[in-house]
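K.L.:
Going down the list, the sequences are from chains A, B, C, D, E, F, G and H.
In case it helps, this note's numbering puts the first sequence at residues 67 to 323.
In case it helps, this note's numbering puts the second sequence at residues 67 to 323.
In case it helps, this note's numbering puts the third sequence at residues 264 to 631.
In case it helps, this note's numbering puts the fourth sequence at residues 264 to 631.
In case it helps, this note's numbering puts the fifth sequence at residues 5 to 191.
In case it helps, this note's numbering puts the sixth sequence at residues 5 to 191.
In case it helps, this note's numbering puts the seventh sequence at residues 39 to 122.
In case it helps, this note's numbering puts the eighth sequence at residues 39 to 122.
Just so you know, these hints were derived from the structure itself, not from any lab.
Here the structure is a predicted model, which means the values were calculated and not measured.
Among the clues, some could well be false.
To be verified - In silico lysine-lysine, DSS-like type, Cα no more than 27 Å apart, as pairs:
1. A:K291 - E:K35
2. C:K460 - C:K485
3. B:K275 - C:K313
As the list claims (entries may be wrong) - Which stretches of chain G does chain A cover? Using the computed rule of at least three CB atoms under 8 Å from a CB of chain A, they are:
4. 48 to 59
5. 91 to 99
Stated by the list, open to error - Calculated Cβ distances over 10 Å to all of chain A for the following chain B residues:
6. R80
7. T87
8. H90
9. E115
10. R184
11. P219
12. Y220
13. K262
14. R265
15. E269
16. M292
17. G318
Backbone N, C-alpha and C define an ideal beta-carbon position, used for all residues, glycine too.
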Amino acid sequence: MKPMMEGLETVYHRPVTLTETPMHYCPGCGHGVVHKLLMEVVDEMDVQEDTIGVAPVGCSVFAYHYMNIDMQQAAHGRASAVATGIKRMLPHKLVFSYQGDGDLAAIGTAETIHTVNRGENILIVFINNAIYGMTGGQMAPTTLLGMVTSTTPYGRESSASGYPLKMTDLVTTLPGAYYVTRQSVHTPTAVRKTKKAIRIALEHQQKHKGTCFIEVVSNCPSGWKMTPLEANAWMEKNMFPVYPIGDLKLDGKILHP
Amino acid sequence: MKPMMEGLETVYHRPVTLTETPMHYCPGCGHGVVHKLLMEVVDEMDVQEDTIGVAPVGCSVFAYHYMNIDMQQAAHGRASAVATGIKRMLPHKLVFSYQGDGDLAAIGTAETIHTVNRGENILIVFINNAIYGMTGGQMAPTTLLGMVTSTTPYGRESSASGYPLKMTDLVTTLPGAYYVTRQSVHTPTAVRKTKKAIRIALEHQQKHKGTCFIEVVSNCPSGWKMTPLEANAWMEKNMFPVYPIGDLKLDGKILHP
Amino acid sequence: MNTQAEVPRLMKGNEALAEAAIRAGLQGYFGYPITPQSEILEYLITELPKQGGVVLQAESEVAAINMIYGAAGAGARVMTSSSSPGISLMQEGLSYMASAQLPCLVVNVNRGGPGLGTIQPSQGDYFQATKGGGHGDYHLIVLAPASVQEMADFVFEAFRLAEKYRNPAMILADGALGQMMEKVILPPAGTLPRTEKPWATTGKPNTRERNVVTSLFIQPEKMEAVNLQLQKKYRELQHEARYEADGVKDADVLVVGFGLTARIAQKAIELARANGVRVGLFRPMTLYPFPSEALAAHARKVSSVLVVELNSGQMVEDVRLAVNGKRPVYFKGRMGGVIMTPEEILEEIELVAENSHLQTAGILEEML
Amino acid sequence: MNTQAEVPRLMKGNEALAEAAIRAGLQGYFGYPITPQSEILEYLITELPKQGGVVLQAESEVAAINMIYGAAGAGARVMTSSSSPGISLMQEGLSYMASAQLPCLVVNVNRGGPGLGTIQPSQGDYFQATKGGGHGDYHLIVLAPASVQEMADFVFEAFRLAEKYRNPAMILADGALGQMMEKVILPPAGTLPRTEKPWATTGKPNTRERNVVTSLFIQPEKMEAVNLQLQKKYRELQHEARYEADGVKDADVLVVGFGLTARIAQKAIELARANGVRVGLFRPMTLYPFPSEALAAHARKVSSVLVVELNSGQMVEDVRLAVNGKRPVYFKGRMGGVIMTPEEILEEIELVAENSHLQTAGILEEML
Amino acid sequence: MTHEILIAGFGGQGVLSMGMTLAYAGMLEGKEVSWMPSYGPEMRGGTANCIVIVSPERISSPIVTRFTAGIILNQPSMEKFQHSLLPHRVLLYEQSNILTPPTRFDLEILPVPAMQEALQLGKKQVANMVMLGAFLARQPVVAFETVMEALKKTLPERHHALLPLNAQALQRGKQLAETAIVETLEE
Amino acid sequence: MTHEILIAGFGGQGVLSMGMTLAYAGMLEGKEVSWMPSYGPEMRGGTANCIVIVSPERISSPIVTRFTAGIILNQPSMEKFQHSLLPHRVLLYEQSNILTPPTRFDLEILPVPAMQEALQLGKKQVANMVMLGAFLARQPVVAFETVMEALKKTLPERHHALLPLNAQALQRGKQLAETAIVETLEE
Amino acid sequence: MIRGTVSIDVAICKGCELCIAACPQESLGLAGEINSLGYRYAALVQDNCTGCINCALVCPEGAINVYREPKSAHKQERDKVLAL
Amino acid sequence: MIRGTVSIDVAICKGCELCIAACPQESLGLAGEINSLGYRYAALVQDNCTGCINCALVCPEGAINVYREPKSAHKQERDKVLAL
Ligand SMILES: Cc1ncc(C[n+]2csc(CCOP(=O)(O)OP(=O)(O)O)c2C)c(N)n1
Ligand SMILES: Cc1ncc(C[n+]2csc(CCOP(=O)(O)OP(=O)(O)O)c2C)c(N)n1
Ligand code: SF4
Ligand code: SF4
Ligand code: SF4
Ligand code: SF4
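Next up, chain A with everything else stripped away, as it sits in the complex (with noise of 0.2 Å):
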């Protein structure tokens, strides 16, 4: 069935600051609902020739294929420092880093608490699939107890792995960090809010506010082995318990503490 268009005004297109180039992600994976809303925003702004990312080492990797803006892939855990640097040299652009849950809550802990500890004017999106997506499917700090992966194949047990890392609710804690939110980008209305926190975050940091922190919550059918559907129900059930969904910090005030 093909659509007829003629006499109909267009409401939703393709940000036009995200490349032509297909996503190599896996299908249904959030990472490219999360790089979409990205781009929509900096279009919204018109802050393309201000806008400077800093990719990490995991799936997202290759975010400068997609996002139309000058951008540095950082060694692994290691994109706030970079992105730290960058900020300090352009205190004026707007600065991002984008990592996973291996590189911002394992290898790159030391680097994320002393960001946000410095309050760097920067924005943190940290996408948390509880797995190591690039590398198949190993466990992350923020792997669920129980959950199976290639290095908990009879389940993460804490004694063995420890406890599932809650990387935002220590930021939340610093001086340093003025907006801190937790959201998803499996529902409409998921994409509509996390679409809101990065425009809310990208604001605050046009006005030096200080370190703005966004988890999202998602999915790695791939490393989860299930089809993208079945992973979205999977991790409203089992991963919002444990990493619930809502804002943390606002305007520099801890929400009920």
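Given chain A, put chains B, C, D, E, F, G and H with the ligands in place with the hints provided.
P.N.:
For chains B, C, D, E, F, G and H with the ligands alone, coordinates are given in the frame of chain A:
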């Protein structure tokens, strides 16, 4: 005036597990007191043979000259990772790491967070003197705002160097932490409390309860350029308000969160 | 198990190495995932605990190497593994372990660099492995397997040498060796005896002085004494140098290569000999100690030497140092994860054989 | 300032280097304290902000080198500094920067290793600096100052080369050079022009394609292309090799040393010449590129070569590669932070001069 | 004789496991074997291939660029590899996936409707075994029985129920190959 | 002539600053100079020393092991360094800190009650200047005026009030040296 | 009811079905054919799209553009109806 | 009042004065001489020590041992007094 001891009984003597070697610390430095307390507890629990310590890189790098137990000297910031390696191989020994604020809260941030998050069954002793002593008084993550150090010549400013980092508060929130307390050693009472804390921690470890974390808010007369008595007074006045003395987590339960 | 050991198995290099480690009496593994070697961690975390061993996925390679430091210092037989970028992060820790004289096994399944590079096979980390990528005067013991069988066998050899000399040992493999499958006969378990470690920090009984594992010797004289001890050890190590020489009797050209490259060169040599060119192969199996004397001896018997590597020319320096100007030494390399083909090497061999040095040199230059 | 530049000052090497960096137009410094070079951070954090520059004490050396990556990628003239263990932690980052072709200055005030070692002067990091302590095929541009004056001058040279070749440059000094005071005439500010950096990520205007700073090229062929580009660069770099030759006209023995060691050797040579021994000095000022051709030429004019280093024998390999067996090459080293005395070197010179090679070699062996 | 076989197709078509089974069978028959996969970053899709070498002698290079046989399951691989086959050797390809057949004249070319057959057998996953069966009918690198033996080892326990189906698939492939008219343009 | 001077004592005795001042003065007089301190981990106490070289020509090694003069302020340094002096050169030492005097016969030895004099001047911190004054009286490496010039540079602004006191100290040292009977056991 | 429609870039669609699940009108489904990437792609299966853009929002590939009749037009429509 | 006393290892004392500040009896002070480390060391300056061990607790060098008359002994004392 020479003491007359005939007919008197010894009510306090230097712990036997403390070696004869005179310590290299500056006059009045808290490191000496904490070393002494650790060895007093080892004496009282009679666990010299069961205890393995890890010295950091910092002024206390030579701790193994003074503690007559098996010890390892770790790379800067990695003491808790080294302790993890030891404990995983020798789960029935009592393992502790002894670390300064630069070691534990700057370069060692990731190792500290993840060691506690795994609930490694060890004791982490954290000496917070708000400065890098060994290297000549540079800023530490715990340096107070406005405090002058050789790398904050005009006083620490949050905009440039971030905020005092409360690592102990951070680790308290981690499920792996079983016992977390903040003490000091500048008065007889404080010394008694700290010794008690060390004893409690080692007993928890014997029962495999998880990570025990003891912060000792301490001094650095040389780095602060004060006499020992001035330093302790300054510490009470300026550091205690930022790093309040007391228990943060008992038997795995967070106190007044 | 010993019986099982007799049956040949078809295994990936990474898996054969991991299984061999278990049979070598591995007590602890601490590591962080990275392609193309994550199978080592994955295999061990599934199998080793069954044998009572400990496997821990560390928060980073920096943490991993320092956990290894602690575990080795506690007297355990331990290992870690990673690939190029992760190995770079271990350099401080490796320098510490070499200085504190702690035995352990570190596996580098080398991928294409520099930087994030590619995940394809490379030998670009030869310098880092053999000259000491960390600070100070130290060396790792470096073994270079060329088959899945050697991926397994060298684990035993690495632990033996590491513990005999109290020095970290490295197995320098590459992505292809890690991922490919071959027939392998696994060494039987229980054949690598435990060594006495009176220096280990296992808790001080009153029957001995306390043990201290450290790399700090604040008096330069003391630190130099430690260094002299290390240097003495390295000189003794020279006797452990191992290599394989093939078809060198009548050879006119000597091809030198290690690991996977030697296998490809072998094929090229077969082709060359089919064309009547007399070529031999010299394959260092230990990169440190490097079999310099043996190589010098073999080089003297040929008219020229050709070094082939999956890098821009690293081992070639050790070859030149060994040959010491007595023979022309040519080089052919590919970089960044590109594997060279037997045909490419054949071409070089024929150029070198023609022996029109100037011209050849010119051509080879370009290939750098 | 330019006027001020003319007045000689008495400064510590570390401070002269830091002040020179400011005059070279430094825009950002990111580093972590470590003896014996913390004065660089301390001096800059006190002075650079006055000039509008940024100085940040990072949480670690790993963070520092990655901040440098970001700042250099953003087009700024930036530097970091550390000492041996800290430099080891920067190896992954340095490999990334070399691969992404980012210019910057890294200062290593070398101390005694391996491990935590001592804080005394050493040249034990020569291999790490020149062969690439990180993974993959890359090189740093490495300059070796021998005086407080050169600690200052080489900052300008390092930035010039780094930006001309888009490659990280390293100044390899040692604890003594960092801590000692000498008369220095600081290079005037504003004499090092800014270079165009069209590749920098400064925000994409619609007048150009987006800029991407990366070291990832997942296709091996692409990654090899990057490597070929790097290798081409390194070949071009050879023309920038610099050295100092003194008293070589009539020399019978050629002493080769860099940095502080060359100064001590100079003194030894004075003593030797007083005893009638004809000795000359060859001092590489750039360690990478290494002045191989010049050295080979000078070596041909003498009967033997003596290499002196504050390590177990590292640069001596590059010397042997340059001399290529044409002359006997002897070595004398001290390790772990011990500084050799002019008298020690004199002794070696006389042994070598006697030229009873076998015996000498024997003796020197022991000294390794 | 030494067989140097290229097997290529899409990720999901089971080309790697086909190669593994073949190599395993070779080993069971006491031959020297090697299996060299192409491997990429852990992302789905894209083409996969492996080189299987089965030889009476010790194998030198596990990586070769000229093959003694090719089993190709998708179009991109056909373009990429058909010219890497040694002349006069056999090239099998899966019909439904490859619309433009190979263009070389000097090969023994055999199109196999493996997918179609597999669907008839009720499981498209066994298409790779149909291909293998057809190949072995042409080039008896190893015996069919040994392949079944090998499958017991390479198939995870939980899939052993599928062994008979795989056996059928192999047989169908064999029949197809025997009955097929080999397309060869050589005189 | 080239002066290669060793100055050694306890951390707090100002041996490093004495050396620095001497080197600075040398520079002001257009000579080549170098100042090489001993440095240790940042921990207090222990002995400190520095080598100061003042020369008309370019200085090769800033590190020498045989000295043309020694200024020694504590006992340990005396044991350690007295044998590093070239024969017939001058060795000054601080009397109140050194109880067992040097044992060498071939030196021009001058004990200086610097501490005592400094206390009389009202500030023991200037003992080092007393030593320097005495030394310069024996060996005019640089002029007294230049030393005062140098002090202006090496003393932090906030201590410039102390310049006159330092001048006095230098003078006292000079007088002491001139009036003293030099202990030399040489014939 | 507002009239809308979508255009789907079938070349880059990966058939993840998220849009299908997100569509309140059940206007979308998977096509029979597979695209060059080897995926069955999404397509309109009913002509009842209201242009709510839900599908476009959740599409990870940015493969969907959405069109809707202008408010004005819609009004006219209604008026017409009433006019009958 | 309980009688006690302390012994101070003057060789390792660094004269930090923490013990002096910690002593409720003001029994301690700094000696006139300096020790081999170059510090004025702590010493008893009054004979009113009660052996409360406060000084020993805060001493960073572990330089102080403390002695006290046994409870029993103390009691006898008192009795004697009363007997008068
Ligand atoms: C120093 C270093 N260590 C390890 C790796 C291998 N590696 C690449 S991505 C990755 C983790 C990816 O997981 P995550 O950060 O959660 O991102 P995702 O792929 O799940 O989006 C790892 C361990 C590397 N490239 N560099
Ligand atoms: C990798 C590395 N970086 C830096 C140093 C230098 N360093 C030694 S101790 C130290 C910090 C000491 O401060 P802290 O940990 O607070 O301990 P303290 O000396 O105050 O007791 C530093 C930066 C080092 N030895 N190694
Ligand atoms: S592996 Fe997981 S995270 Fe990576 S692209 Fe696929 S689905 Fe997304
Ligand atoms: S420098 Fe500070 S921390 Fe170190 S010993 Fe002295 S007082 Fe203690
Ligand atoms: S959401 Fe996008 S990619 Fe997924 S099926 Fe719909 S159109 Fe295709
Ligand atoms: S506390 Fe100890 S070190 Fe300090 S003065 Fe008293 S006895 Fe001496």
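K.L.:
Now tell me, hint by hint, if it's right for this structure.
P.N.:
So, going through the hints one by one against the coordinates:
1. A:K291 - E:K35: The given pair, whose Cα atoms are some 37 Å apart, is violated under the 27 Å limit.
2. C:K460 - C:K485: holds (23 Å)
3. B:K275 - C:K313: holds (24 Å)
4. 48 to 59: holds (count 8)
5. 91 to 99: Satisfied; 8 residues make the cut.
6. R80: The assertion about R80 of chain B holds, with a minimum of 38 Å to chain A.
7. T87: The claim holds: T87 of chain B sits with its nearest Cβ about 34 Å from chain A, beyond 10 Å.
8. H90: holds (29 Å)
9. E115: Since the minimum Cβ distance to chain A is about 26 Å, E115 of chain B lies beyond 10 Å and the statement holds.
10. R184: Contrary to the label, R184 of chain B does not stay out of reach of chain A, its closest Cβ about 3 Å off (not over 10 Å).
11. P219: holds (18 Å)
12. Y220: holds (17 Å)
13. K262: holds (28 Å)
14. R265: Holds, because the least Cβ-Cβ distance between R265 of chain B and chain A comes to about 25 Å, which exceeds 10 Å.
15. E269: Correct as stated: the minimum Cβ-Cβ distance to chain A is 20 Å, above 10 Å.
16. M292: holds (27 Å)
17. G318: holds (12 Å)
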